[in-house]
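A.B. asks: Here are the chains, one letter per residue:
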Amino acid sequence: EAQVTQNPRYLITVTGKKLTVTCSQNMNHEYMSWYRQDPGLGLRQIYYSMNVEVTDKGDVPEGYKVSRKEKRNFPLILESPSPNQTSLYFCASSPYRSRLDTEAFFGQGTRLTVV
Amino acid sequence: QKEVEQNSGPLSVPEGAIASLNCTYSDRGSQSFFWYRQYSGKSPELIMFIYSNGDKEDGRFTAQLNKASQYVSLLIRDSQPSDSATYLCAVRGLPGAGSYQLTFGKGTKLSVIP
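Taken in sequence, the protein lines are chains W and Y. FYI, the numbering for the first sequence is -8 to 106, going by the working numbering. FYI, the numbering for the second sequence is 345 to 458, going by the working numbering.
Rather than coming from a laboratory, the hints here were simulated on the basis of the structure. Keep in mind that a hint or two might mislead.
Stated by the list, open to error - Simulated DEER-style distance windows between Cβ atoms: (1) W:E(-8) / Y:S370: 33 to 39 Å; (2) Y:N351 / W:K62: 34 to 40 Å; (3) Y:S413 / W:E(-8): 37 to 43 Å; (4) Y:N366 / W:D50: 19 to 25 Å; (5) Y:A412 / W:E44: 39 to 45 Å; (6) Y:R372 / W:V5: 41 to 47 Å; (7) Y:S455 / W:Y1: 34 to 40 Å.
To be verified - As a list, the in silico EDC-like pairs of lysine to aspartate or glutamate whose alpha-carbon atoms are at most 20 Å apart: (8) W:K9 / W:E53; (9) Y:K453 / Y:E347; (10) Y:K411 / W:D29; (11) Y:K346 / W:E94; (12) Y:K386 / W:E(-8); (13) W:K60 / W:E21; (14) Y:K400 / W:E53; (15) W:K8 / W:E61; (16) Y:K386 / W:E61; (17) W:K48 / Y:E347; (18) Y:K453 / W:D29; (19) Y:K400 / Y:D427; (20) Y:K400 / W:E94; (21) W:K48 / W:E61; (22) Y:K386 / W:D29.
If you're wondering where the values come from, they're calculated on a predicted model, not measured in any experiment. C-beta: ideal position from N, C-alpha, C; glycine also.
All chains should be built: construct the whole structure from the sequences, respecting the hints.
C.D. replies: See below:
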């Protein structure tokens, strides 16, 4: 089954304690991205990657890191989480090609609370 | 900065009626247009995409695109209570640095009243 898998689904942590949210896709997609979703602000892109070892900032990258060492994995790293990073996070993947109908497949989401 | 605008709602329609959801976008280079449905606390799921001017129909859903007006809409016919969700409009450019980003509107919350 084609899917994007995020872990963990729920996480409560304390300010300053480094954490990693994993994301893996089994569709051989080149393009992967991370979003955060907050009430009234919608989905905002944090980082994206167009292929292995190619990453770039989205609209709200501050306080986050990513890496893309393998095509299937795109972990999101919070080196020193703060309460304003409490949010619902989604990983998504897409084929990266000239076709116009390539949709983004989303993971199940990770609800992060930083206290 | 690309912008995608949607009315936040809530949009309330009676069961069986047509729900009309609207979206405008700022980047004239946008090429692909998507409608996602999102239930509370769940991930977005694609329901329609369109990239040519005009209408595209899929079951009870019709997407409409007018690139000259930078306007895209979604019509839901015979609305059902199970259609109650937030509908996200998203736009994307062609593959290329910076333009392939999927930019979302903030979503319109639809409530279908039995």
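A.B. asks: Against this structure, judge whether each hint is valid.
C.D. replies: Evaluation of the provided hints:
1. W:E(-8) / Y:S370: 33 to 39 Å: 37 Å, holds
2. Y:N351 / W:K62: 34 to 40 Å: 39 Å, holds
3. Y:S413 / W:E(-8): 37 to 43 Å: 39 Å, holds
4. Y:N366 / W:D50: 19 to 25 Å: The hinted range 19 to 25 Å holds for Y:N366 and W:D50, with Cβ atoms some 23 Å apart.
5. Y:A412 / W:E44: 39 to 45 Å: Given a distance of about 40 Å, which is inside 39 to 45 Å, the answer is holds.
6. Y:R372 / W:V5: 41 to 47 Å: Given range 41 to 47 Å: holds, Cβ gap about 46 Å.
7. Y:S455 / W:Y1: 34 to 40 Å: 27 Å, violated
8. W:K9 / W:E53: 15 Å, holds
9. Y:K453 / Y:E347: 19 Å, holds
10. Y:K411 / W:D29: 29 Å, violated
11. Y:K346 / W:E94: 19 Å, holds
12. Y:K386 / W:E(-8): 19 Å, holds
13. W:K60 / W:E21: 12 Å, holds
14. Y:K400 / W:E53: Violated, at about 39 Å.
15. W:K8 / W:E61: Given that 20 Å is the threshold and the Cα spacing comes to 25 Å, the pair is violated.
16. Y:K386 / W:E61: 27 Å, violated
17. W:K48 / Y:E347: At roughly 17 Å apart (the allowed maximum being 20 Å), Y:E347 and W:K48 satisfy the hint.
18. Y:K453 / W:D29: 15 Å, holds
19. Y:K400 / Y:D427: 19 Å, holds
20. Y:K400 / W:E94: 16 Å, holds
21. W:K48 / W:E61: 18 Å, holds
22. Y:K386 / W:D29: 13 Å, holds
Checked against the numbered hints given earlier, the structure breaks hints 7, 10, 14, 15 and 16 and satisfies all the rest.
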